[in-house]
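Colleague: So you can see what is in the structure, the chains are spelled out below.
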Amino acid sequence: MKKILFFCTAMLLLGAFAAAQTEPAHIGRVKGTSGMVSIQRAGALKPAFPNMKVYLNDTLLTGSDGAVGILLEDNTLLSMGPMSRLALDKFDFSPAQNKYALQLRMEQGTFVYLSGLLGKLAPHAVSLDTPSGTISMLKDTNFMARFGGDE
Amino acid sequence: MKRIHGLCIGLSLMVAVSGCAGKDNLIVLTPDDSGRVGALKVSNEGGEAVLDREGQALHLGDRRTSPGAPAPFSDEERALFAAALAAQPLAPVSYLLYFEFDSNNLTAESRQRLDDILRAAQERDSQDVLVIGHTDRAGEADYNAALSLQRAEAVRELLAGQGIAAESIQVSSHGEGNPLFPTADEVAEARNRRVEVVVR
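Protein sequences appear in the order of chains P and F. Add 106 to the 1-based position in the first sequence for this note's numbering, that's all there is to it. Add 1 to the 1-based position in the second sequence for this note's numbering, that's all there is to it.
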């Protein structure tokens, strides 16, 4: 029994260690949801809830009654309405290393973008891939956008 | 050859038609807190367009359709964004708390701001509160590094005592190295004896 306990503890510690080693830093958090909202991460779809962390390469999706707001680490605020899809392709906010990047893919739906520090410090590092083409920021700005999808 | 030509015309007609029908994509600038807008550029295979004025929208088709010129943004179009606007989170908010000289006791005035911080955290359902300690330049840098951490930890305890979950609070400290009001070394400056609290 003692041996099993020891083994379990060892596995737990190992698991915690592995998690600490591989867990990437989150790039933001879900702040509010209504209706059906999910996050697609590494091929799996999971329901989104307030204060859930979001990571690079996540895709946020809302259902026909869904809406969600997220806060990125640089204070960019993004929200979207029903039937929307947003992929978080690139995010780098490292003022100490003078490294900035924000690249989002607005695939479909309605979006509200309130600029954060990335837009203020490095507007040229902000770009959005959309079904209508590439949107690049010339001067820090808030905006709203709507896309019907690729077809 | 003729047939290929005909096919091309047919295809381009289809593209033109679907391009018109698909002009319901749009982008519009919205003002910031001070009422200003910046500028965006849309570029695709059909060309590019710049948007730099409030109340004007680019009405867009697919990637092959030229973005065209900005046109007025209608109220019906604004209504499309009602759900996304309602889902917009509250912006992070930050507070400065001040301390008595060489101590981790809050000034009486700053003590009264704790309620505001608690309210901001509740409104945001926040699990992300940053507490950042600072000192002025009176005393040794090492001593001030320790003092700034003690100040931040004192604030963490006060906030946790008020009901903000301790695991939601991240403490850091900058010693005397990040003054709000730069001074010469060894100068006591009350406005630099502070802890910044950011509620996200």
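For the record, the hints were derived by calculation from the structure and aren't laboratory data. The structure displayed is predicted, hence computed values, not measured ones. Backbone N, C-alpha and C fix where the C-beta goes; we use that ideal spot for every residue, glycine too. Errors might be hidden in some of the hints.
[Stated by the list, open to error] Here are a few chain F residues that face chain P, going by a calculated C-beta distance under 10 Å:
#1 P32
#2 G39
#3 G56
#4 R64
#5 P73
#6 D76
#7 A83
#8 L119
#9 R192
Colleague: None of the hints should be skipped; say for each whether it holds.
Modeller: Now the hints, each set against the structure:
{"no.": "1", "hint": "P32", "verdict": "holds (7 Å)"}
{"no.": "2", "hint": "G39", "verdict": "holds (3 Å)"}
{"no.": "3", "hint": "G56", "verdict": "violated (12 Å)"}
{"no.": "4", "hint": "R64", "verdict": "holds (5 Å)"}
{"no.": "5", "hint": "P73", "verdict": "violated (15 Å)"}
{"no.": "6", "hint": "D76", "verdict": "violated (14 Å)"}
{"no.": "7", "hint": "A83", "verdict": "holds (7 Å)"}
{"no.": "8", "hint": "L119", "verdict": "violated (17 Å)"}
{"no.": "9", "hint": "R192", "verdict": "violated (23 Å)"}
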